Every structure is written in structure tokens, then in C-alpha cells.
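Chemist: Each of the two chains sits in its own frame; use the hints to bring them together as a complex.
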Amino acid sequence: MSTALVDISYDLVDGIFDILNGNVVYTGITYPVYKSIPKTPSSVYVHIGDILHGEDGTKDDFDYYGTVQVIVVDESSQGGDKKKAQAILGIVRGLLKPTKSTIFSCGSRTLVIFSLESMIPVIEQADQAITRVRLIDTYNFIIE
Amino acid sequence: MAKLNGTLNAIISGSDRLLHLSNATLNVNVDLPDATTKESTGWAEHINGCRDWEITYDGKYDTTGSGLTPNEILAAIIARSADTVIKFTTDGATGAAGWTGNGTFRTFSLVGGQETPATFSGSIKGNGALAAI
Numbered sequence: 001m002s003t004a005l006v007d008i009s010y011d012l013v014d015g016i017f018d019i020l021n022g023n024v025v026y027t028g029i030t031y032p033v034y035k036s037i038p039k040t041p042s043s044v045y046v047h048i049g050d051i052l053h054g055e056d057g058t059k060d061d062f063d064y065y066g067t068v069q070v071i072v073v074d075e076s077s078q079g080g081d082k083k084k085a086q087a088i089l090g091i092v093r094g095l096l097k098p099t100k101s102t103i104f105s106c107g108s109r110t111l112v113i114f115s116l117e118s119m120i121p122v123i124e125q126a127d128q129a130i131t132r133v134r135l136i137d138t139y140n141f142i143i144e
Numbered sequence: 001m002a003k004l005n006g007t008l009n010a011i012i013s014g015s016d017r018l019l020h021l022s023n024a025t026l027n028v029n030v031d032l033p034d035a036t037t038k039e040s041t042g043w044a045e046h047i048n049g050c051r052d053w054e055i056t057y058d059g060k061y062d063t064t065g066s067g068l069t070p071n072e073i074l075a076a077i078i079a080r081s082a083d084t085v086i087k088f089t090t091d092g093a094t095g096a097a098g099w100t101g102n103g104t105f106r107t108f109s110l111v112g113g114q115e116t117p118a119t120f121s122g123s124i125k126g127n128g129a130l131a132a133i
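If you're matching them up, the sequences are chains X and W in order. Per my numbering, residue 1 is the first one in the first sequence, and the count goes up by one each step. Per my numbering, residue 1 is the first one in the second sequence, and the count goes up by one each step.
One chain only, chain W, in its complex shape (with noise of 0.2 Å):
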């Protein structure tokens, strides 16, 4: 199997690339609720509970382009604007393979340090299932 260049992964809002990332995580978890008990003969047990997922990315800051800007992204929040069917893309910005759920915009970070490119991160909420596209 060939190995991915991470430039081909994107993150889709709708139909929408977030533009000028640098750098896209997926987070998956599932909660592990304890469930030892003294028949557990001294090792821990658990039970696979709920399932949780979060995009983080960051990105140098940039107000241009055609898709979604980082501008877009905070006006979006500010607006506690509806989810929108988020798309982990592992192909590039066509959307055909990757992972996909319904997603709301959660955090938003804009720096601006002395001599250096202002830059911007955040995070997208899963809500609901994560599934391969």
C-alpha cells in the first residue's frame, strides 16, 4: 500500500474545503465505563460505551481564496451556526474517500506573533456517527 501525502487529506464543510490548513487531525474515542467487579479476579474489566470524534486543524491565516476562509469559520461559530455534513477527506478535496458525520465548528484560534505569519486553529464537534465514506 502507497503511502498518503498528507497534503491530500482535507476537511469539506457542506461543500465547502476549509482552505490554508497546514495540518488536519481526527480524533476518534470510545468511552470505556469501569465495569470490574470482585468476580473481575483482580483485573480491570470495562464495557465499550459512547463514541466521540473531533477534527482539530491549524493553518496559516489568509482572508482569500474560494472556499471556506478562516473568517468564515469564526463568523460561523459566532453564529452558532447549524451542523454541516463534515467530510475527513483522504483524497484530496474530491470528497470520495475519508470518513464523513455531521459536525459543528467548536473552537477558533487566531495568532498574530511578531515577524512571523498570523496563523489560526480549532476544532470541529462530531454530532453523531462518524462512518467511512
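Only chain X is shown next, with the shape it has when bound in the complex (with noise of 0.2 Å):
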């Protein structure tokens, strides 16, 4: 329970790299998963993305609700690979949410409602005339 009002963002997402870290494993590798992105990332990682986010407590305390990107990248190949960056963002659904009422720790924080509300899929240009493949996971939250 927040009993003034604070921010949340690095509480939520301290939690979700906490759970994906070293364990988003595809076919024997294990995949980075980044907070903010290196100068010269993986050509294949997580990144914990935008954190929207608003209050709506009661009147005795705040409650906090928004989404958060979970978003899989590979530009591993000239054409990027849809099919495992898709195999690797499974993976990271099963971490994130093993079973139905699966709400993981967020440090001095209560996460009371995590779940997923959409999947977008982008396919860009990125340097090298490599294409990119963004898969973008926006989850629902609601944390006190």
C-alpha cells in the first residue's frame, strides 16, 4: 500500500527483468533482456519497453495502473527471424505469467493485476538494410 504518491516505472520494471533475466532461453541460448538498450545490443534481446501509468487509489492510499511494453527484438538475419523472435516472446509470456494468477514480486511494491492486453508486430528497417522484427507484448498492471 502507497500511502503518498510516488513513482512506479523502475519498481515494475526492477520486477519483470528480475523475472526474464537469464532465463529467456531458445534452443540452448539465453537471450539478454535490457532495461534501456546498449549502445551495440544483441541481435537478438528483450527490452523492457514505455511504462504508461496513472493513479486511481481510494481514499486511504494510492493504486497505480497502466501498461508496459515487453518487446522482443531480432534483427539476427537480413530478413529477421518472425519465427523464433515469436518462439522467444512464448517463452517470455510463460516467465512472465506461468499460470493465471501468477503475479510476481516487485520489490517493496504489490502487484495486484498483471495481464496481457495486446500483441503488435513491426517489421522495420533498421541500419545495414537489416529488416527488424519488433514484437511488442503491452500488458495491463495495477500495483500498489
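Please keep in mind that the hints were generated in silico from the structure rather than gathered at the bench. Computed from a predicted structure; not experimentally measured. Treat the hints loosely; a few may be bogus.
As the list claims (entries may be wrong) - A short, non-exhaustive set of chain W residues, derived as facing chain X with CB atoms under 10 Å:
| hint | residue |
| --- | --- |
| 1 | 2 |
| 2 | 3 |
| 3 | 9 |
| 4 | 14 |
| 5 | 17 |
| 6 | 21 |
| 7 | 22 |
| 8 | 23 |
What the hints assert, rightly or not - Simulated coverage check for chain X against chain W, where a stretch passes if three residues somewhere in it have a Cβ under 8 Å from a Cβ of chain W:
| hint | segment |
| --- | --- |
| 9 | 54–61 |
| 10 | 109–120 |
As the list claims (entries may be wrong) - If you anchor each label on the Cβ, the simulated ranges turn out as follows:
| hint | chain 1 | residue 1 | chain 2 | residue 2 | range |
| --- | --- | --- | --- | --- | --- |
| 11 | X | 40 | W | 91 | 58 to 64 Å |
| 12 | X | 25 | W | 64 | 35 to 41 Å |
| 13 | W | 77 | X | 98 | 36 to 42 Å |
| 14 | W | 113 | X | 6 | 24 to 30 Å |
| 15 | X | 3 | W | 85 | 24 to 30 Å |
Virtual Cβ for every residue (Gly too), placed ideally from N, Cα, C.
Modeler: As C-alpha cells, this is what we get:
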């Protein structure tokens, strides 16, 4: 329960990072998870993207609701490997929601709701004529 | 006159504030029995009858906090607890302004929807007069 208005973004990012980091494994390869994208990222990675949130508590305490993006990026081949990106996205989803009622830990915050809202596939032109595949999962959350 | 932020409204039962409320509503009614006669020249007339009042509320279900939690309200109804002094305040939890009277916890609903925070709602029925604090 939050008794003062605070920013919960990084508690949520840290919670997601702790679940995913070191655990996104596909065909024996562990893919990196980034809170912010480094200058020279891996050709395939998971990025914890933008958080949009507002406050919707009660007269006693603050609750924060919003959306967070978890993005699988693949620019491992000239045309991007959408099939691999989708497989990794599936692994990410399974880690974040292994069961319907799973709520992971976010430091001192209590995550009340975490559910998948939508997925948007984006295929775009990256540097050096490489096609980048980005699969953007958007999750709803309520945290207090 | 300054507008009132609804967050500064609270419901107090005895010395305990109802916790985790999102909304609270005080409804006051007066019964108006018909008094129309043949002498009313075609216009309906009434007299002022009995008054009654009720408070309804809703909030987000949470079992923590120092005050009256949703679970304690439910327990009061199950136990058919006696009336308490109810205050519908307009100055936060101090109870120095607003309206007061004896009331009974009458209804309580708890709703758990899929992937939404559980909510509760209920009502307090006034037992006797309502007066300004």
C-alpha cells in the first residue's frame, strides 16, 4: 500500500527484469534482457519498454494502473527471424504468467494485476539494410 | 465558498473510519403522503411525512489498515451488531463537520472480477434522526 504519491515505474521494470533476466532461453541460447538498450545490443534481445500509468486509488491509499511494453527484437538475419522472435515471445509470456493467477514480486510494491492486453508485430528497416522484427506485448498492470 | 474535495469525506462508525472507500453517498428522504381532496382544485397536495436516511458506499477490497475494514463491516452484519453512531463527515476523518445519527450496517457486497481489483459496496440504514454535527 502506498501512502504517498510515488513513481512506481522502476519497481515494475525491476520486477519484470528479475523474472526474465537469465531465463529467456531458446534452443539452448540465453537471450539478454535490457531495461534500456545499450549502444551495441545483441542481435536478438528482450527490451522492457515504455510504461504509461496513472493513479486510481481509494480515499486511503494510492494504486497505480497502466500499461507496460515487453518487446522481443530480432535483427539476427537479413530479413529478421519472425518465427524465432515469436518463439521467444512465447517463452517471455510463460515466464511472466506461468499460471493465470501468477503475480510476481516488484520489490517493496505489491503487484495486484498483471495481464496481457495486446500484441503488435512491427517489421522495420534497421541499419545496413537489415530488417528488424519487433514483437510488442502490452501488459495491463495495477500496482500499489 | 470553496469546493469540497470528495476525498475529504469519510464515514465513521463509532470511532472507526470505514477504510478503502472510493465513493460515499448520503441519501436523505421525506415521505410525502397524498393529501389531495376535492377542495384541491385539481392540484395534487401532500403533507410532510416520515424522514429516513441511508448511506451507500463502495471501495476497493483490502483487509489491511487501522479502522473498519470491509471484512469487519461484513462481520458486523453477520453478527447483527447494534446500531452505532455514524458520521458522514465533510472534513476528513476528524468528524468535526458533516452529519450524524444512529445507523445499522444493512447490506454488503463483495465482487471479484477477472483481472480487476476486487471491490466492495454496501449501505448503512439510519435508525432515527440525522443531524448536523
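Chemist: Next step is simple, just say for each hint if it's right about the structure.
Modeler: Going down the list of hints, with the structure as the test:
Here the hint on residue 2 (chain W) is broken, as its CB sits about 19 Å from the closest CB of chain X, past 10 Å. Against a cut-off of 10 Å between C-beta atoms, the interface hint on residue 3 (chain W) is violated, since the closest Cβ of chain X lies about 17 Å away. Hint status for residue 9 (chain W): holds, given a least beta-carbon distance of 8 Å to chain X, under 10 Å. Evaluation of the residue 14 (chain W) hint against chain X yields a violated restraint, the C-beta minimum of about 18 Å exceeding 10 Å.
About 9 Å separates the beta-carbon of residue 17 (chain W) from the nearest beta-carbon of chain X, less than 10 Å, and the hint is met. For residue 21 (chain W), the shortest C-beta to C-beta distance to chain X is roughly 5 Å, which falls under 10 Å, so the interface hint holds. Taken as an interface hint, residue 22 (chain W) checks out: its beta carbon lies about 5 Å from the nearest beta carbon of chain X, inside 10 Å. This hint holds: residue 23 (chain W) has a C-beta 9 Å from the nearest C-beta of chain X, less than the 10 Å allowed.
Closer than 8 Å: that is the beta-carbon criterion, and the segment 54–61 of chain X has 5 residues meeting it against chain W, so the requirement of 3 holds. Only when three residues or more bring their CB closer than 8 Å to a CB of chain W does the claim for the segment 109–120 of chain X stand; here the count is 3, and the claim holds. At about 59 Å, the beta-carbon gap between residue 40 (chain X) and residue 91 (chain W) stays in the expected band of 58 to 64 Å. The hinted range of 35 to 41 Å is satisfied by residue 25 (chain X) and residue 64 (chain W), whose Cβ atoms lie roughly 38 Å apart.
Take residue 77 (chain W) and residue 98 (chain X): their Cβ atoms lie about 38 Å apart, and the range 36 to 42 Å holds. Under the hint 24 to 30 Å, the C-beta atoms of residue 113 (chain W) and residue 6 (chain X), about 26 Å apart, fit the expected range. Checking the proposed 24 to 30 Å range against residue 3 (chain X) and residue 85 (chain W) shows it holds: the Cβ atoms sit about 27 Å from each other.
The structure fails to meet hints 1, 2, 4 from the earlier list, while all remaining hints are met.
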